[in-house]
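**Q** Going down the list, the sequences are from chains A and B.
So the first sequence is numbered by the numbering used here: it starts at 16 and just counts up by one.
So the second sequence is numbered by the numbering used here: it starts at 971 and just counts up by one.
Please note: incorrect hints may appear among the correct ones.
Derived DSS-like pairs (lysine-lysine); straight-line CA-CA distance at most 30 Å [to be verified]:
hint, chain 1, residue 1, chain 2, residue 2
1, A, K30, A, K45
2, A, K45, A, K169
3, B, K1067, A, K134
4, A, K30, A, K169
5, A, K45, B, K973
By construction, these hints were calculated from the structure, which means they are not laboratory data.
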Amino acid sequence: MRELLQLAWDALLFKHEAYAQHVACADVLKRGLTLLVLVTLLAGVVSLIVNVVGDLRPMSAEAQRREAEEGIQEFTEYVDTMRQFFDVPPDFEEQMIAYMQAGMGIGFGIEALPTRLPKPVGRVLHDLGAFLSLPFRRLAGWIGYGIWVLLVVKLLGGRATASQMLGATTLYAVPHVLDILGFVPCLGGMLGLVAIVWGIAIYVKALAVANEFSIGRATIATVAPALVGGALALMGLLVLFILALVGSG
Amino acid sequence: MMKALIRLAWEALFLSEAPCVEMRESSNPALRGLGLIVLVAVAVALVGLAGTALEWATTPNMRDIQEAVLEGIQQMPWYQELQSTPEFRGRFQQQYKLWWRIFPRMFGAPDIASAALRIILLPLGLALTWFLYGLVAHLFARLLGGQGGLGQTLGCTALAVAPQLLNMATVFPYLVIGGVVGTWTLLCRYVALKTCHRLTWGRALAATLLPYVAFALLVSFFACLGSVATALIFGGGAQ
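In isolation and in its complexed conformation, chain A is listed as follows (with noise of 0.2 Å):
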């Protein structure tokens, strides 16, 4: 644990030799996803901590339906300031109204309808399960993206195997540790943009100390397949809109 402690510290450091050291492990992978599951873990913990004295300490009924009829006066409020500015319907106000009203009921029908465990225990299976869901997140993120690097990597002639890149690559995952303060409200969100830029040049330099690569060309590989995929995207939406325009014509 001491170890992995200390890899991560050196990796937010961008420390050469931590990240030779660990390329070069023979479990590069299994050190890597076990330190990404446990700051993603760790992240979390705050948010599953409140949830869990939130939903263990559940507000009544009625104490939630005055919640819910709050926000339906703060959205007609809303509907009003809009009219100065929009020629809203006469009626769209009461017929939205009836709606939320509706699923409101919906809510509060199937939030009383009873369970065959109490109801405390699921709830906490379901923030417990939210809570574990995370580390999942993650690596689908994180491995969906990373094949593609792996691919321009090997164009670029990497010399890394899939294993030692993925390992190295994990490391990005350590800035995001700085999520555990994302409940704040500004500086959880700005937090959140650091951990971002931060684990971007984790990234880039993991990816040049397993390849053998530049930093320019690590930074390549790196950008490549999001670059790529914004111009298809582009391409797409640009075909539909000349598809609509043919459409109308």
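Assemble the complex: chain A is given as a structure, and chain B must be docked to it using the hints.
**A** Coordinates of chain B only, in the frame set by chain A:
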């Protein structure tokens, strides 16, 4: 035996080439591979059943939910507008019951019977996919200069079942694994074919992806064939 198979799958999960080499050199790799697939699939299905049971025990009865949703819908303005139409109510009830048979399962409502059935269906499904993929991948690998035998290919590609181990986490209800297993399986297959047939990375990549392309083409072909047949049958009937 079981312990050795689980160790192989665990090592293969981390894209190590060692388990592929061990599988390739073993006396009966295809049979060992089949054993591994069945073992992993049954374990995953059993664990999934436990998770589903927990989810079922913490979810209200589906029939009660159906009633609650129907009551809510009946309060909505569009329903109140249409309910005066004589045929609407009957047709709506019919459609609503039909949707309720399809959508809850689609959106993952806990179903213990289906989860229990997976103990049989998952090993069958994974074994069938493994066999078909292994067969086609072997063909492409050999065409691309691979040196492994069919048994060796099947043994090594069976190790690509390893990412299914991630599904063991579904013992926790409400946990979402997402698309990570599919992508990871692809990577495991690449490592398996590269190691088994001693291919370069480019050829191994081609041998890994070409079976997917072949299956996609086959499915498209049959879809087109089906469309043409349907058009001929119904078009002919209209005339």
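**Q** Take the hints in turn and mark each one as holding or not.
**A** Here's how the hints hold up against the structure:
no.	hint	result
1	A:K30 with A:K45	20 Å, holds
2	A:K45 with A:K169	22 Å, holds
3	B:K1067 with A:K134	27 Å, holds
4	A:K30 with A:K169	25 Å, holds
5	A:K45 with B:K973	19 Å, holds
Violated hints for the displayed structure: none, as all numbered hints are satisfied.
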